[in-house]
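Sequences are here, hints too, so could you generate the full structure?
If you count by mature numbering (1 follows the signal peptide of the UniProt record, and there is no 0), then the sequence shown holds residues -19 to -1, 1 to 93, one letter each, in order.
These are computed hints drawn from the structure, not numbers from a lab.
Be a bit skeptical, because a hint or two may be false.
Said to hold, decoys possible - Computed list of lysine-lysine pairs in DSS-like fashion (alpha-carbon distance at most 25 Å, straight line): (1) LYS23 / LYS68; (2) LYS19 / LYS68; (3) LYS67 / LYS19; (4) LYS24 / LYS67; (5) LYS67 / LYS85; (6) LYS30 / LYS67; (7) LYS67 / LYS23; (8) LYS68 / LYS85; (9) LYS30 / LYS19; (10) LYS85 / LYS30; (11) LYS85 / LYS23; (12) LYS68 / LYS24.
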Amino acid sequence: MKTLFLVLTLLLTIGCTSVPDTFVFNGDSRQSIQNDIKYILKKLPRSEKQEFVVALVAIQFSDVNSVYDMVGDPAMSGINFDILSKKLDGLTYAEVLELASASKNKVKIYKN
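Structural data, given as structure tokens:
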């Protein structure tokens, strides 16, 4: 009985922390995309949060050809919601991950 309760609790927890398949990013404005990204980050488990943030960075920098494109450009100093609003508008979570994997610029996190 304890095992059944534990399994049921685990399934309910996992179900509550997943991103709905029907969720679509709204890129109408900087604020709307920022709110959607915050919503997704709240829904994801820690390991998937990192993957999602890395995907966002890869998408933001997908048009960068060299380091010179970034130097001195304040739009590239952090997460730029204006760029992301244009690139993510109308996409689902899965489509965002696909778009990031198709980017010519790859982003990785290295842990010490």
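We went through each hint and held it up to the structure:
1. LYS23 / LYS68: holds (21 Å)
2. LYS19 / LYS68: holds (17 Å)
3. LYS67 / LYS19: Distance of about 17 Å is within 25 Å: holds.
4. LYS24 / LYS67: Satisfied, since the Cα-Cα distance of roughly 23 Å is no more than 25 Å.
5. LYS67 / LYS85: holds (18 Å)
6. LYS30 / LYS67: holds (21 Å)
7. LYS67 / LYS23: holds (22 Å)
8. LYS68 / LYS85: Answer holds: LYS68 to LYS85 is near 15 Å, not above 25 Å.
9. LYS30 / LYS19: holds (10 Å)
10. LYS85 / LYS30: holds (21 Å)
11. LYS85 / LYS23: Violated, at about 28 Å.
12. LYS68 / LYS24: holds (21 Å)
Checked against the numbered hints given earlier, this structure breaks only hint 11.
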